[in-house]
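Chains as they are written, first to last, in the working numbering: chain A, -6 to 252; chain B, 410 to 608.
Careful: at least some of the hints might be erroneous.
Unchecked claim - For lysine-lysine, the following DSS-like pairs were computed, each having C-alpha atoms within a straight-line distance of at most 27 Å: (1) A/K244 to B/K490; (2) A/K19 to B/K502; (3) B/K554 to A/K244; (4) A/K244 to B/K502; (5) B/K536 to B/K554; (6) A/K244 to A/K(-1); (7) B/K554 to B/K502; (8) B/K490 to B/K536; (9) B/K502 to A/K(-1); (10) B/K490 to B/K554; (11) B/K502 to B/K490.
Derived by calculation from the structure, the hints in this document are not laboratory data.
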Amino acid sequence: MTELSKEARALLEAARDQYGPAAGDKARVLAKIKAAAAAPAPAATASTAATSGVAAKLVVLGVAALIAGALVLRQTAEEPAKLIGNEAGPTKSTPERAKFVASESGPAKSAPEERAKLDPKRSPAKSTAPDAAKFVASEAGPTNSAPDSVVAIEAEPVIEAAPVVDPPNELVLLREARIALRDGRAEEALALAATHERTYPSSALTEERLATQALAACTIGQYEQADRAIAALVERAPASEHLARIHRACKNREKKSSQ
Amino acid sequence: MTEPDSAGHSAPGMWAVGLVRSGRVEAPLSLEVLYDAHFDDVWRVLRRLGFREPGIDDAVQDVFLVAHRRLPEFERRSSTKTWLIGIALRVAKDHRRTHARKSGALDPLPDELPDRSSSSPLEAAEKAEAARFLDHFLESLDEEKREAFVLAELEQLTAPEIAELVGANVNTVYSRLRNARERFERAIARRRAEEERSR
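Bound conformation, chain B alone (with noise of 0.2 Å):
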């Protein structure tokens, strides 16, 4: 990446074409800096949207190729978090409509495993299991309720900032995702009481 000259200004290129503010300091914002900083964030939301492998790392992918492209005209009215998410809500529509999700190919095999030292594995499978059932709720939402449910309740997104970023009405979004909730609380009722029939 390039050196940022006395004013604190990368050169153009590849890796650096834009600034942040942090602080009172205007660092370099470049596409490795974004990436690093929200790869993790960018691939939580496609998968909680509904991206499954091997298409989420095309989606994640086109995010940050269309970042890098816009990073020129991001205004910072937003945090970078908030406008990557922007980004991929639109990248997700578009590759529902033109791929619709279908996959042929197995996924490639992992370089590494996952390391399950950190968690015992009753809770391992208590939290694989809550991610099961929180997939299946998702999945019988429809797209405007899920992206709701999903930018406020998993990325603690506030409801104005999620009707900018889909570009509804603040109300409309409220709406969502009362219905939303209120879903998720009936799924969860249906469960327990399967659960309670089955001991």
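Isolated chain A (complex conformation) (with noise of 0.2 Å):
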């Protein structure tokens, strides 16, 4: 078989790095794994299963993944760290998830799509959840309705939240930012929010834009530049729910760089 060249293998390791989770991303995913998994599988799935024409064995284990997921209760996505070991405390629900584990009894490439039909918050007229909502209008802008996200809660459409915003050029750039600042290249991240804060000045999404800016700043020590754009945040949003992660995030890097 074809072995690669040296400069291959040198090429694959120096990338090697690069896929790894940034910080945080553990600890968020495991949030939304428990508040999952707590979720109680409805009725819906097993018909999900039985309709689905999948074999009777596979009916089975559906109700037998029915019946495990009723042992646990539901539990809110900003409250997931109470579940380890703890099965009660039912206060929002996450269907979906359940149903998708559920439905993996079933053939498992029928799940995604058993979950999507039967995500009643994929409809737009159907988002009930304020706090969803709030996020998504913060994180997102209006226009981003995103019916295709397999998170639930960032496909909470919140069209009628926030002022127009040009897409999709500008999400594609504060994205982008975003992207570059996780993965540690700040200057990027730096450079593409100029980019927006030119060729957008007046934007809706100009919170976010500042929160990215700081950040950024932060991880290359550009520590006045950090203080400009969360002056100009805190004077835009005073009430920004970016303020506290940036406040923290940047204090911890001031404190590494001074050690």
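Assemble the dimeric complex from its two separately framed chains, guided by the hints.
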């Protein structure tokens, strides 16, 4: 079999580390898993398995999953940490994940479709979670209903929540900036944010841009620039949920650099 | 998490639903243990299979939810990591088909900033460039070759292991891998030629 050259191996080795999760990813996804694992599998799950035409054995497995799912209760996405070893505490439904898990006992390939079909949150008219709406409004802007996003909370469409933005370029710019920031390419994040600032000086997503700029500037030790972005953010959105995060992240960074 | 009893078994609970052999001792295998040990592996595999923010969160989540359900069925014929990679492959296929990697929302801002102190800016730039090149290359492969290349070259799985995971003949896997490697070498050669031209 053809073996890779030294050059190819070196390149693979250099790229290897770049695929890892960023700090915070592990805890964030764990919180989602706990919330989803704690959600009950509703009756619709069994019927889903049955009507999907799978073999009787798989239906039995689906029922078993339903029973297992019924043993655990719901949990909010906001309070996932309580769920370790705790099977109580229902506050907010995350049924789509439970359905997905239960439907995995049937043919694996049918699970996401079934989950999508059964997910009531996919309908814009049925958005009833104000916290999720707030999240989407602040994170995505109004034009991103993301109807096919797997995360229900991010798929919550909140079209009425914010002023007009210019999609998709504006979002693409900020999204790329955040990806660059997460991947440690802070200079690139700053450059992209600066492009956004020039191109969309009065954007509805200015708060998001300023937060990205502040964090990126902290990453490379440009604290004056970070301060300017933070000041602008405070002026524009004094109650911004990003401020606490920025404060925490920049403070940690400042500590590290002074050690 | 529940404590194991005198026989070394955990009471059935949300996070402790199976056993794994660790040497001669049977240690409880829970979702927490799995997650802690293999979150990075699963994330990387899905990332290499083409997942980006924000969808990768959901794919990782689904992998561990499926693993959670299937822990009691896990026969340990393969390593836990290989088993999870197998689940990740199926989840990736499902997500690709149903969601086609669409995204609309901005990624959430990171809670912590990436620590770049461990490498020089030049080194970091080189690694980032290598990753971009590899991303671009992987995107150019069809799904089957991409899986074979990622699992063999980045996850260090053997061809028989890959064959079992993807449900293909070993010779087919060898063929896909050979083809993907040749393409990779050609892509590197093109890149080198472009760099030389631009000097």
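Take a quick look at whether B/K502 and A/K(-1) sit within 27 Å of each other, Cα to Cα.
Violated, at roughly 32 Å.
Does B/K502 lie within 27 Å of A/K19 when you go C-alpha to C-alpha?
22 Å, holds
Just to be careful, I want the Cα atoms of B/K554 and B/K502 compared with a cutoff of 27 Å; is the pair within it?
14 Å, holds
Could you grab the alpha-carbon distance between B/K490 and B/K536 and see if it respects the 27 Å cut-off?
Holds, because 25 Å separates the two Cα atoms, which is no more than 27 Å.
Run the distance test for A/K244 versus B/K502: straight-line Cα separation, threshold 27 Å.
Given that 27 Å is the threshold and the Cα spacing comes to 41 Å, the pair is violated.
Assess, step by step, whether the Cα of B/K490 is no farther than 27 Å from the Cα of B/K554, and give holds or violated.
21 Å, holds
Within 27 Å, alpha carbon to alpha carbon, are B/K554 and A/K244?
Since the Cα atoms of B/K554 and A/K244 sit roughly 45 Å apart, the hinted pair is violated (cutoff 27 Å).
Is the Cα-Cα distance between B/K536 and B/K554 27 Å or less?
Between B/K536 and B/K554 the Cα gap is close to 23 Å, so the pair holds against 27 Å.
Given the hinted pair A/K244 and B/K490, is their alpha-carbon gap at most 27 Å?
At roughly 36 Å apart (the allowed maximum being 27 Å), B/K490 and A/K244 break the hint.
Pairwise hint evaluation, B/K490 against B/K502, where the allowed Cα distance is 27 Å at most
18 Å, holds
Tell me if the straight-line CA distance from A/K244 to A/K(-1) falls inside 27 Å.
Violated, because 42 Å separates the two Cα atoms, which is more than 27 Å.
Violated hints, in rising order: 1, 3, 4, 6 and 9; the structure is consistent with all others.
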